[in-house]
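*Asks:* Listed here are the chains, written in short residue letters.
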Amino acid sequence: MHTNPTSPLLQLQNLQIAYGGIQAVKGIDLDLWAGELVCLIGANGAGKTTTLNAIAGVLPIAGGSIMYQGDKLNAVPAHRRLRRGVALVPEGRGIFTRLTVEENLRMGAYTRKDKAGIEADLERVYTMLPRVKERLHQVAGTLSGGEQQMVAIGRALLSRPRLLLLDEPSMGLAPLVVEKIFEVVQSVARDGVTILLVEQNANLALEFAQRGYVMESGKVTLTGSGSELLADPKVREAYLGEIA
Amino acid sequence: MNELVSAVPWLGKRNPMAARWLIIIIALVAPIIAWQFGRSWVRILDFALLYMMLALGLNLVVGFAGLLDLGYIAFYAVGAYTFAFLASPHFDIHMPFWLVLPLGAAFAALAGIMLGFPVLRLRGDYLAIVTLGFGEIIRIFMLNLNYPVNITNGPQGINMLDPINLFGWDLSRNLQVTETFSINSLFLYYYFFLLCVAGSIVFIQRLQISRVGRAWAAMRDDELAAKAIGINTRNMKLLAFSLGATFGGVAGALFGAFQGFVSPESFSLMESIAVLTMVVFGGMGNIAGAIVGAFVLAMLPEILRDIAIPLQQTLFGTVILDPEVLRMLLLSLAMILMMLLRPTGMIPARARYAHPENMKREGAL
Chain A
11 MHTNPTSPLL QLQNLQIAYG GIQAVKGIDL DLWAGELVCL IGANGAGKTT
61 TLNAIAGVLP IAGGSIMYQG DKLNAVPAHR RLRRGVALVP EGRGIFTRLT
111 VEENLRMGAY TRKDKAGIEA DLERVYTMLP RVKERLHQVA GTLSGGEQQM
161 VAIGRALLSR PRLLLLDEPS MGLAPLVVEK IFEVVQSVAR DGVTILLVEQ
211 NANLALEFAQ RGYVMESGKV TLTGSGSELL ADPKVREAYL GEIA
Chain B
-10 MNELVSAVPW LGKRNPMAAR WLIIIIALVA PIIAWQFGRS WVRILDFALL
40 YMMLALGLNL VVGFAGLLDL GYIAFYAVGA YTFAFLASPH FDIHMPFWLV
90 LPLGAAFAAL AGIMLGFPVL RLRGDYLAIV TLGFGEIIRI FMLNLNYPVN
140 ITNGPQGINM LDPINLFGWD LSRNLQVTET FSINSLFLYY YFFLLCVAGS
190 IVFIQRLQIS RVGRAWAAMR DDELAAKAIG INTRNMKLLA FSLGATFGGV
240 AGALFGAFQG FVSPESFSLM ESIAVLTMVV FGGMGNIAGA IVGAFVLAML
290 PEILRDIAIP LQQTLFGTVI LDPEVLRMLL LSLAMILMML LRPTGMIPAR
340 ARYAHPENMK REGAL
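Quick mapping for you: the protein sequence lines, in order, are chains A and B. Using my numbering, read the first sequence as starting at 11 and increasing by one per residue. Using my numbering, read the second sequence as starting at -10 and increasing by one per residue.
Only chain A is shown next, with the shape it has when bound in the complex (with noise of 0.2 Å):
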């Protein structure tokens, strides 16, 4: 696991990725240096998630290559990528419903072995996530929105990653738990995990990211710093609701 600096951790190249004959995205080419908090934004069907997908595994590619750590992880399974420090919160959070909170934070550490080191690591999330642990016997699927979201980072960190996919975590809910997940994502940021956010909620998202990349039915039409991208008026007139 050596990380040479001088190269990104994640590189996307010519990322093609297809739903039967329809392509979804049509090469893409994304950077993510380790350290960075990094957004993707897009409208509805721009191919944001399915570009997490493929990250993560979950969903096979169509052409081009996914390069992590410097190596390529095309045909790397999903459980294999996870184990390499890759960690998606899918979209809709996919949390295990009928198992408890508890439950649903420890499966995330389901590849591990070290018992220590899970258990300080179970202690690290509840600091983080007060709320959480108010609510550790309780079944998932009775959770607000909200705490479900935070259910969800607090599993895929008891993984340990080294890069972490977040898709749209601020799907749903209400602004001041927006503000709140969005919270918990910059101290994860913070602690030195890489993170690739996906949102809609562009604005917010390019003010808590580094960079950011706009995606445009399944092509990067924009990139630039947050700020950057923020005081772009195509990106404020498409994204932000404002007339240029």
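If you're looking for bench data, these hints aren't it; they were derived computationally from the structure. Take these hints with a grain of salt, some might be off.
Keeping only pairs whose Cα atoms sit at most 25 Å apart, straight-line, the calculated SDA-like set for lysine to any residue is [unchecked claim]:
{"id": "1", "chain 1": "A", "residue 1": "LYS125", "chain 2": "B", "residue 2": "LEU196"}
{"id": "2", "chain 1": "A", "residue 1": "LYS123", "chain 2": "B", "residue 2": "ASP210"}
{"id": "3", "chain 1": "A", "residue 1": "LYS125", "chain 2": "B", "residue 2": "PHE106"}
{"id": "4", "chain 1": "A", "residue 1": "LYS125", "chain 2": "B", "residue 2": "LEU227"}
{"id": "5", "chain 1": "A", "residue 1": "LYS82", "chain 2": "B", "residue 2": "ASN221"}
{"id": "6", "chain 1": "A", "residue 1": "LYS123", "chain 2": "B", "residue 2": "ASN221"}
{"id": "7", "chain 1": "A", "residue 1": "LYS36", "chain 2": "B", "residue 2": "LEU213"}
{"id": "8", "chain 1": "A", "residue 1": "LYS123", "chain 2": "A", "residue 2": "PRO185"}
{"id": "9", "chain 1": "A", "residue 1": "LYS123", "chain 2": "B", "residue 2": "LEU227"}
{"id": "10", "chain 1": "A", "residue 1": "LYS82", "chain 2": "B", "residue 2": "ARG200"}
{"id": "11", "chain 1": "A", "residue 1": "LYS125", "chain 2": "B", "residue 2": "ILE198"}
{"id": "12", "chain 1": "A", "residue 1": "LYS143", "chain 2": "A", "residue 2": "GLU133"}
{"id": "13", "chain 1": "B", "residue 1": "LYS2", "chain 2": "A", "residue 2": "HIS147"}
{"id": "14", "chain 1": "A", "residue 1": "LYS125", "chain 2": "B", "residue 2": "MET225"}
{"id": "15", "chain 1": "A", "residue 1": "LYS143", "chain 2": "B", "residue 2": "LEU227"}
{"id": "16", "chain 1": "A", "residue 1": "LYS123", "chain 2": "B", "residue 2": "LYS2"}
{"id": "17", "chain 1": "A", "residue 1": "LYS143", "chain 2": "A", "residue 2": "PRO185"}
{"id": "18", "chain 1": "A", "residue 1": "LYS125", "chain 2": "B", "residue 2": "LYS2"}
Some chain B residues flagged as far from chain A (calculated, every beta-carbon gap over 10 Å) [what the hints assert, rightly or not]:
{"id": "19", "residue": "PRO91"}
{"id": "20", "residue": "PHE156"}
{"id": "21", "residue": "LEU213"}
{"id": "22", "residue": "ILE218"}
{"id": "23", "residue": "ILE220"}
{"id": "24", "residue": "ASN221"}
Beta carbons are placed, not taken as given, at the ideal position from N, Cα and C, and that holds for glycine.
On the provided structure of chain A, position chain B as indicated by the hints.
*Replies:* Relative to the frame of chain A, chain B by itself:
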């Protein structure tokens, strides 16, 4: 057994020790009570135990792993026919029981994997339809593989299967204890099957709280998320199909040996549905549910047969409704009421670790 114990009404929560002994005593004396009503009732109990094994096995696939299987009886058939091929005059092979039983289980497991591979990407209703087709294919094979080479003897089935023989002890003969006292063969089978069911319960309970059981629970709730936390869902699905099938295969081999006769008509779609009904009726995803569901639904038609005819004769002077028709009617009615009043079954599966003390006791995490 903990799950069974806590399912005992009233006593289960107050005095688990007493509830445990109650279950053991009921299980042990049940055939003696049944004997008072006639030997056919002991036979019915024997079959009820086989249904329990089937329900336990199907519960692994449907309840634990969340894979709807409508062709489960096919594995029962594989087990029964394996026994028929290897321990009957049909091919004139008489292999010992202790060899045939694991072989039956192994072939059933293989059939489970054969079914598992093509359905890996299917879920829900699509999966149900393919498994249903698989069950029918196996039955139709059994029905038609008598020409050009006679393998299964077609619709006539295979006769005179060897009885269960435990190291020289033939269960089909009454056990002569003293000159005047003997134990009927039906009892011997009962206690042997009871032992098998008890073994299955212990095994499945261990499995449920193991890594595999947790992986199944995750897969059942959200397959994508299960993949994302590093579960190899392909292997877990195949394991569910093959382990579930193993129970079906063992039950099938026992069934063949007990009945001494197998034919394709024992393995119809209705049987698959009956076993699934037991699992759903009892409560999906928990062992006590499978046991109770299998017991109630295996006994119900027999009790009905005993009551319906005399009752109709005294009431109307003639038999208006055939018990067989009545059985389907009442069964459907019971299912509808169940879904309305207790949609999670008679004994709902509870969240296993909802109470911290369980977590410590079961030591699973």
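*Asks:* Hint by hint, note whether the structure agrees.
*Replies:* To see whether the hints hold, each was checked on the structure:
About 20 Å separates the Cα atoms of LYS125(A) and LEU196(B), which keeps this hinted pair within 25 Å; it holds. Distance hint between LYS123(A) and ASP210(B) is fulfilled; the C-alpha atoms sit about 24 Å from each other, no more than 25 Å. Straight-line distance between C-alpha atoms of LYS125(A) and PHE106(B) comes to about 34 Å, which puts the hinted pair past the 25 Å bound. A C-alpha spacing of about 28 Å is found between LYS125(A) and LEU227(B), which places the hinted pair above 25 Å, so the restraint is violated.
Annotation: proposed proximity of LYS82(A) to ASN221(B) holds, straight-line Cα distance about 20 Å (limit 25 Å). Only pairs whose Cα atoms come within 25 Å are accepted, and LYS123(A) paired with ASN221(B) is accepted, the gap being roughly 16 Å. Restraint check for LYS36(A) and LEU213(B): the C-alpha separation of about 23 Å stays at or below 25 Å, so the hint holds. For the suggested pair LYS123(A) and PRO185(A), the alpha carbons sit about 38 Å apart, so the restraint of at most 25 Å is broken.
Between LYS123(A) and LEU227(B), the direct Cα distance comes to roughly 24 Å. Compliance with the 25 Å bound is thereby established for this hinted pair. Restraint check for LYS82(A) and ARG200(B): the C-alpha separation of about 30 Å exceeds 25 Å, so the hint is violated. Proposed proximity of LYS125(A) and ILE198(B) is supported: the alpha carbons are some 17 Å apart, at most 25 Å. Restraint check for LYS143(A) and GLU133(A): satisfied, since their Cα atoms lie roughly 9 Å apart, inside the 25 Å limit.
Note on LYS2(B) and HIS147(A): the hinted pairing holds, with a Cα-Cα distance of about 20 Å set against a maximum of 25 Å. Distance restraint check for LYS125(A) and MET225(B): the Cα-Cα separation of roughly 23 Å lies within the 25 Å cut-off, and the hinted pair is therefore satisfied. Of the pairs offered as hints, the one joining LYS143(A) and LEU227(B) is violated, with about 35 Å between alpha carbons and a cut-off of 25 Å exceeded. In summary, the hint linking LYS123(A) to LYS2(B) is not supported, as the alpha carbons are separated by about 35 Å, beyond the 25 Å threshold.
Among the hinted pairs, LYS143(A) with PRO185(A) is consistent with the structure: their alpha-carbon atoms are about 22 Å apart, no more than 25 Å. A C-alpha spacing of about 32 Å is found between LYS125(A) and LYS2(B), which places the hinted pair above 25 Å, so the restraint is violated. Separation of PRO91(B) from chain A is adequate, the least Cβ-Cβ distance of about 31 Å exceeding the 10 Å criterion. Every CB of chain A lies more than 10 Å from the CB of PHE156(B), the least distance being 42 Å, so the non-interface label holds.
For LEU213(B), the condition that its CB be more than 10 Å from all CB atoms of chain A is violated, with the nearest at approximately 5 Å. Remark: the non-interface label on ILE218(B) conflicts with the geometry, its nearest Cβ contact in chain A lying 5 Å away (cut-off 10 Å). Once the 10 Å rule is applied to beta carbons, ILE220(B) is inconsistent with being away from chain A; the minimum gap is 6 Å. Distance check on ASN221(B): its Cβ comes as close as 5 Å (rounded) to a Cβ of chain A, failing to clear the 10 Å threshold; non-interface status is violated.
In summary, the numbered hints that this structure violates are 3, 4, 8, 10, 15, 16, 18, 21, 22, 23 and 24.
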